[in-house]
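Please build the complex by placing chain D on the supplied structure of chain S, with the hints as guidance.
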Amino acid sequence: MVHLMHEYLDEELSAEDEKKLKTHLQACEACRTHFQELNRTIAYVQSSSHIQAPENFTQKVMNSLPNEKRKKAGVER
Amino acid sequence: MELIVKKRIKQVLKGDQQAFGEIVELYKDRVFHVCYRMLGNRHEAEDMAQEAFLRAYTNIHKFDVDRKFSTWLYRIATNLCIDRIRKKKPDYYLDAEVSGTEGLTMYSQIQADGRLPEEEVESMEIQESIQKEISLLPDKYRSVIVLKYIEELSLKEISEILDLPLGTVKTRIHRGREALRKQLRTL
Numbered sequence: 001m002v003h004l005m006h007e008y009l010d011e012e013l014s015a016e017d018e019k020k021l022k023t024h025l026q027a028c029e030a031c032r033t034h035f036q037e038l039n040r041t042i043a044y045v046q047s048s049s050h051i052q053a054p055e056n057f058t059q060k061v062m063n064s065l066p067n068e069k070r071k072k073a074g075v076e077r
Numbered sequence: 078m079e080l081i082v083k084k085r086i087k088q089v090l091k092g093d094q095q096a097f098g099e100i101v102e103l104y105k106d107r108v109f110h111v112c113y114r115m116l117g118n119r120h121e122a123e124d125m126a127q128e129a130f131l132r133a134y135t136n137i138h139k140f141d142v143d144r145k146f147s148t149w150l151y152r153i154a155t156n157l158c159i160d161r162i163r164k165k166k167p168d169y170y171l172d173a174e175v176s177g178t179e180g181l182t183m184y185s186q187i188q189a190d191g192r193l194p195e196e197e198v199e200s201m202e203i204q205e206s207i208q209k210e211i212s213l214l215p216d217k218y219r220s221v222i223v224l225k226y227i228e229e230l231s232l233k234e235i236s237e238i239l240d241l242p243l244g245t246v247k248t249r250i251h252r253g254r255e256a257l258r259k260q261l262r263t264l
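Protein sequence lines, in the order shown, are assigned to chains S and D.
Numbering-wise, this note's numbering puts 57 at position 57 of the first sequence, and it's gapless, one number per residue.
Numbering-wise, this note's numbering puts 102 at position 25 of the second sequence, and it's gapless, one number per residue.
Isolated chain S, as found in the complex:
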């Protein structure tokens, strides 16, 4: 059953197996709890607040790029 839960979460469960899983979940409390915990885990992981790169990130990357290319670019222009 746990395997079916994971297949379901990956959206790879056939309609037939999905029905089987749902019927079982209605009848079995242990599996129902397990399934709820999995869903809650995913919700927690996805709830992570929006994370932004630190300030001046782009400038730092640009400063770290090899110099010769920069010179070459200048010549070509």
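None of these hints come from the bench; they were simulated from the model.
Predicted, not measured: the structure shown is a model, and the values here were computed from it.
Honestly, I wouldn't trust all of these hints.
What the hints assert, rightly or not - Derived pair list, reagent style DSS-like, types lysine-lysine, alpha-carbon separation capped at 30 Å:
1. 20/S <-> 233/D
2. 145/D <-> 247/D
3. 20/S <-> 247/D
4. 83/D <-> 60/S
5. 60/S <-> 209/D
6. 217/D <-> 164/D
7. 87/D <-> 60/S
8. 84/D <-> 139/D
9. 164/D <-> 60/S
10. 209/D <-> 105/D
11. 19/S <-> 259/D
12. 84/D <-> 60/S
13. 145/D <-> 60/S
14. 83/D <-> 105/D
15. 164/D <-> 259/D
16. 139/D <-> 87/D
17. 22/S <-> 259/D
18. 247/D <-> 19/S
19. 145/D <-> 91/D
20. 22/S <-> 233/D
21. 233/D <-> 139/D
22. 139/D <-> 217/D
23. 60/S <-> 105/D
24. 22/S <-> 247/D
25. 139/D <-> 91/D
26. 217/D <-> 233/D
27. 105/D <-> 164/D
28. 233/D <-> 19/S
29. 247/D <-> 259/D
30. 139/D <-> 60/S
31. 91/D <-> 60/S
32. 91/D <-> 105/D
33. 20/S <-> 259/D
34. 247/D <-> 233/D
35. 87/D <-> 105/D
36. 164/D <-> 247/D
37. 83/D <-> 145/D
Same frame as chain S, now just chain D:
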């Protein structure tokens, strides 16, 4: 987005370094986010994200324009983070604790301001716990969980980024979810 990026890549290939800056602007937050979730530490995440862009730049001629640029870029960032984790395994858990401490400091600062609603502080604490649990996952599970749930990539894309068969990716996601479920059920 991919179209603009491909145009910029062509410019970079012609020697226009500034065009690369626009690529960095477009992807910096997402690349940083991936690194942060993988490493659990902002400082290291910044180093790795910087390094990922630098490598993307120096290897840009190897990028196959018929493929998705973001997949290629995440692959560089993910591999760098995995290498980093492997190299510094012994003090890795210490770092995870440090990231928890940062959260506490942040928490006390906010509390001193006294302006943030209780539930937000609470959720920030939860955020820290989630981050801590993610960083405690073995790296083979952590990388797939981060790519699937934080980057929202498909199983196929993950298998490309990590160079793993689809079946292995699925197994790791299943095990990673189970491990996290056990760790997070008490939250």
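Worksheet item: Taken at face value, is the distance from the CA of residue 91/D to the CA of residue 139/D at most 30 Å?
Response: 14 Å, holds
Discussion item. So if I understand the rule, the pair passes when the alpha-carbon distance is 30 Å or less; does residue 84/D with residue 60/S pass?
Written reply: 23 Å, holds
Item to complete: With a cut-off of 30 Å on the C-alpha distance, tell me whether residue 164/D and residue 247/D pass.
Response: 26 Å, holds
Worksheet item: Are the Cα atoms of residue 83/D and residue 105/D separated by 30 Å or less?
Response: 17 Å, holds
Practice prompt. With a cut-off of 30 Å on the C-alpha distance, tell me whether residue 83/D and residue 60/S pass.
Written response: 23 Å, holds
Worksheet item: Does residue 217/D pair with residue 233/D here, judged by a C-alpha cut-off of 30 Å?
Response: 16 Å, holds
Item to complete: Assess, step by step, whether the Cα of residue 20/S is no farther than 30 Å from the Cα of residue 233/D, and give holds or violated.
Response: Holds, at roughly 26 Å.
Worksheet item: Would the pair residue 145/D and residue 91/D pass a check requiring their Cα atoms to be no farther apart than 30 Å?
Response: 20 Å, holds
Fill in: Straight-line alpha-carbon gap residue 139/D to residue 87/D, limit 30 Å
At roughly 12 Å apart (the allowed maximum being 30 Å), residue 87/D and residue 139/D satisfy the hint.
Worksheet item: Does residue 139/D lie within 30 Å of residue 233/D when you go C-alpha to C-alpha?
Response: 21 Å, holds
Discussion item. For residue 20/S and residue 247/D, compute the direct alpha-carbon distance and say whether it is at most 30 Å.
Written reply: 21 Å, holds
Discussion item. For residue 83/D and residue 145/D, compute the direct alpha-carbon distance and say whether it is at most 30 Å.
Written reply: Measuring from Cα to Cα gives roughly 9 Å; hence the hint holds.
The structure fails none of the hints (numbered hints given earlier).
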